[in-house]
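Everything in the sequence shown is counted per my numbering, starting at 8 for the first residue and increasing by one.
Certain hints may be false.
Computed beta-carbon distance windows for the label pairs [what the hints assert, rightly or not]:
id: 1; residue 1: Ile-24; residue 2: Val-74; range: 42 to 48 angstroms
id: 2; residue 1: Gln-51; residue 2: Ala-22; range: 16 to 22 angstroms
id: 3; residue 1: Gly-27; residue 2: Glu-72; range: 44 to 50 angstroms
id: 4; residue 1: Ser-44; residue 2: Ile-24; range: 17 to 23 angstroms
id: 5; residue 1: Arg-91; residue 2: Trp-46; range: 47 to 53 angstroms
id: 6; residue 1: Glu-84; residue 2: Tyr-50; range: 45 to 51 angstroms
id: 7; residue 1: Glu-54; residue 2: Arg-82; range: 25 to 31 angstroms
id: 8; residue 1: Ser-44; residue 2: Glu-94; range: 34 to 40 angstroms
id: 9; residue 1: Trp-53; residue 2: Ile-87; range: 21 to 27 angstroms
id: 10; residue 1: Ile-89; residue 2: Ser-44; range: 48 to 54 angstroms
id: 11; residue 1: Trp-53; residue 2: Asn-93; range: 34 to 40 angstroms
id: 12; residue 1: Trp-46; residue 2: Glu-72; range: 31 to 37 angstroms
id: 13; residue 1: Ile-89; residue 2: Gly-64; range: 41 to 47 angstroms
id: 14; residue 1: Met-80; residue 2: Asn-31; range: 54 to 60 angstroms
As a list, the in silico EDC-like pairs of lysine to aspartate or glutamate whose alpha-carbon atoms are at most 20 angstroms apart [said to hold, decoys possible]:
id: 15; residue 1: Lys-41; residue 2: Glu-59
id: 16; residue 1: Lys-38; residue 2: Glu-15
id: 17; residue 1: Lys-60; residue 2: Glu-49
id: 18; residue 1: Lys-38; residue 2: Glu-18
id: 19; residue 1: Lys-38; residue 2: Glu-54
id: 20; residue 1: Lys-48; residue 2: Glu-59
id: 21; residue 1: Lys-60; residue 2: Asp-33
id: 22; residue 1: Lys-13; residue 2: Glu-45
id: 23; residue 1: Lys-95; residue 2: Asp-77
id: 24; residue 1: Lys-60; residue 2: Glu-72
The hints are simulated quantities; they were obtained by calculation from the structure and are not laboratory data. The beta-carbon is built from N, C-alpha and C at its ideal position, and this holds for glycine as well.
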Amino acid sequence: MNIQLKPETAELIQAYIATGHYTNADDVIIKALKLLSEWEKEYQEWERETHEKLAVGLAQIERGEVVNSDVIMPRLEAKIRIARENEK
8 MNIQLKPETA ELIQAYIATG HYTNADDVII KALKLLSEWE KEYQEWERET
58 HEKLAVGLAQ IERGEVVNSD VIMPRLEAKI RIARENEK
């Protein structure tokens with residue numbers, strides 16, 4: 008397969024080769040594709056989990072299992088304040 012690269016892409020690949028971690032363009036591209044594949048799998052898992060959490064939350068709303076924001080906001084603000092104090 009013959010691939011035409013934009014000059015900036017070729018320069019980026021050459022910069023990775025110059026680090027000594029990769030011996031040729033093939034090594035750089037293989038590593039990039041492996042990382043892309045891993046990222047896509049992680050994103051799909053995150054997306055699935057998010058959809059599940061949304062479904063649970065929507066079901067709770069439909070059942071009337073909600074808390075007024077006047078109750079929640081002070082709790083969240085307190086947690087944020089404590090977290091910031093613990094960072095010091």
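Next on the checklist: Between the beta carbons of Trp-46 and Glu-72, is the distance compatible with 31 to 37 angstroms?
Outcome noted: holds (35 angstroms)
Checklist entry - Is the hinted pair Lys-60 and Glu-49 satisfied, with a Cα-Cα distance of at most 20 angstroms? => result holds (16 angstroms)
Item to check | Satisfaction of hint between Glu-72 and Lys-60, Cα-Cα up to 20 angstroms | outcome: Status holds; Cα separation ~15 angstroms.
Next on the checklist: A range of 21 to 27 angstroms was offered for this pair. Does it hold for the Cβ distance of Trp-53 and Ile-87?
Outcome noted: About 24 angstroms separates the Cβ atoms of Trp-53 and Ile-87, which means 21 to 27 angstroms holds.
Checklist entry - Does the Cβ-Cβ separation between Gly-27 and Glu-72 fall within 44 to 50 angstroms? => result Because 57 angstroms falls outside the window, the suggested range is violated.
Checklist entry - Regarding Ile-89 and Gly-64, is the given constraint of 41 to 47 angstroms on their beta-carbon distance met? => result violated (25 angstroms)
Checklist entry - Lys-38 and Glu-54: Cα distance at most 20 angstroms? => result With a Cα-Cα distance of about 24 angstroms, the restraint between Lys-38 and Glu-54 is violated, given a limit of 20 angstroms.
Checklist entry - Does 25 to 31 angstroms hold as the CB distance between Glu-54 and Arg-82, or does it fail? => result Holds, since Glu-54 and Arg-82 (Cβ atoms, about 28 angstroms apart) stay within the stated range.
Checklist entry - Does the Cβ-Cβ separation between Ser-44 and Ile-24 fall within 17 to 23 angstroms? => result Holds, since Ser-44 and Ile-24 (Cβ atoms, about 21 angstroms apart) stay within the stated range.
Item to check | Assessment of proposed distance window 16 to 22 angstroms (beta carbons of Gln-51, Ala-22) | outcome: violated (30 angstroms)
Checklist entry - Are the Cα atoms of Lys-38 and Glu-18 separated by 20 angstroms or less? => result Cα-Cα ~17 angstroms, so holds.
Checklist entry - Has the given pair, Lys-48 with Glu-59, been kept, meaning a C-alpha gap of at most 20 angstroms? => result It holds: about 17 angstroms lies between the C-alpha atoms, which stays within 20 angstroms.
Hint compliance for this structure: hints 1, 2, 3, 5, 6, 10, 11, 13, 15, 19, 21, 22 and 23 are broken, all remaining hints hold.
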